[in-house]
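These protein sequence lines are chains A and B, in that order.
Under numbering that gives the first Met the number 0, read the first sequence as residues 0 to 129, first letter to last.
Under numbering that gives the first Met the number 0, read the second sequence as residues 0 to 128, first letter to last.
Since the hints were derived computationally from the structure, they do not count as laboratory data.
One or more of the hints may lead you astray.
[What the hints assert, rightly or not] Chain B regions said to be covered by chain A (calculated; three or more residues, Cβ under 8 Å):
no., region
1, 27 to 36
2, 51 to 58
3, 62 to 72
4, 88 to 101
5, 114 to 120
All C-beta atoms, glycine included, are put in the ideal place defined by N, C-alpha and C.
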Amino acid sequence: MENTLSNTTARPQTGAGSFGWLWQAITGVGLVILAGLHVTAHHYVVEGGLRDFQQVQAYLRHPVILPLEVLFLITVTAHALLGVRAILFDLGLSDNAEKRITQALTVIGALTVGYGLWLTWTIVTYPAAP
Amino acid sequence: MAVLRDSKLKRVLQWGDVRRRKLGTWAYALNRVTGLGLVVYLYLHLVVLSRLAQGPEAWEAFVALAKTPPFLALDVVLLAGLLIHGLNGLRVTLNGFGIGVRAQKPLFIALMVIAAVASIVGGAAIFFQ
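So that you can see chain A by itself, here it is in the shape it has in the complex (with noise of 0.2 Å):
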């Protein structure tokens, strides 16, 4: 087929390529709507482009926001990790390998999003000037 783009949407069918491809759609689709919020909010409802500490504690303290927030972290780690992961896989390593890069990966997952709990509990709970 002339022109054809196929090379950039083929979908593995089997697998771990097929389960990796899926979360990935879930999770890009998902950050479509965390990320526009995410950067809406922090660059474009505010005077001047970026919330002061203030700003950013009494954002993080709302409770629609907080959740969001947790979730966009999750999504977008997991989104870009599992792209670094289908790229690593596109070398055509062996299965021994694509499992310790897979493991690597969720540890290096797991300590992102706790890092960024850390982080977010760190901003909500830090004493108002007195």
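With chain A's structure known, arrange chain B on it following the hints.
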């Protein structure tokens, strides 16, 4: 072993080399390059946000720096990367589920035009708000 390494390196270089290639290779390389750039940005962003844990003074010092023209220019590059990767990613997802496969070339071009226009409009908002 050296031959194996060479062949793996070749695979990486093949998708990165878009010279004399069809639009599909451009779309594929663009998605990966922007994706890798966004992964690097994600971790830089998380490191920078650690300033918030140090309190208002540390954060306000960073905000002052982030409002300088070189940082604002990087914000525009980030916005363009997000738009290109996000819109192209939506096309890949739709096509992967069999939706719009026949129209994927005009769809890709249309989405990249939208990304370019939105980057210019958003970039202007970043600089002039």
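Evaluated hints:
1. As drawn, the region 27 to 36 of chain B meets chain A at 5 residues by the rule of a beta-carbon pair under 8 Å; at three or more, the given contact holds.
2. Under a criterion of three residues with beta carbons nearer than 8 Å to beta carbons of chain A, the stated coverage of the region 51 to 58 of chain B is upheld, 5 such residues being counted.
3. Coverage of the region 62 to 72 of chain B by chain A holds. Counting CB-CB distances below 8 Å, 4 residues qualify, and the rule asks for three or more.
4. Remark: the region 88 to 101 of chain B is confirmed as covered by chain A, as 9 of its residues place a Cβ nearer than 8 Å to a Cβ of that chain, reaching the required three.
5. Against chain A, the region 114 to 120 of chain B contributes 0 residues with a C-beta closer than 8 Å to a partner C-beta. That does not satisfy the three-residue criterion, and the hint is violated.
Comparing the model with each numbered hint stated earlier shows that hint 5 is the single one that does not hold.
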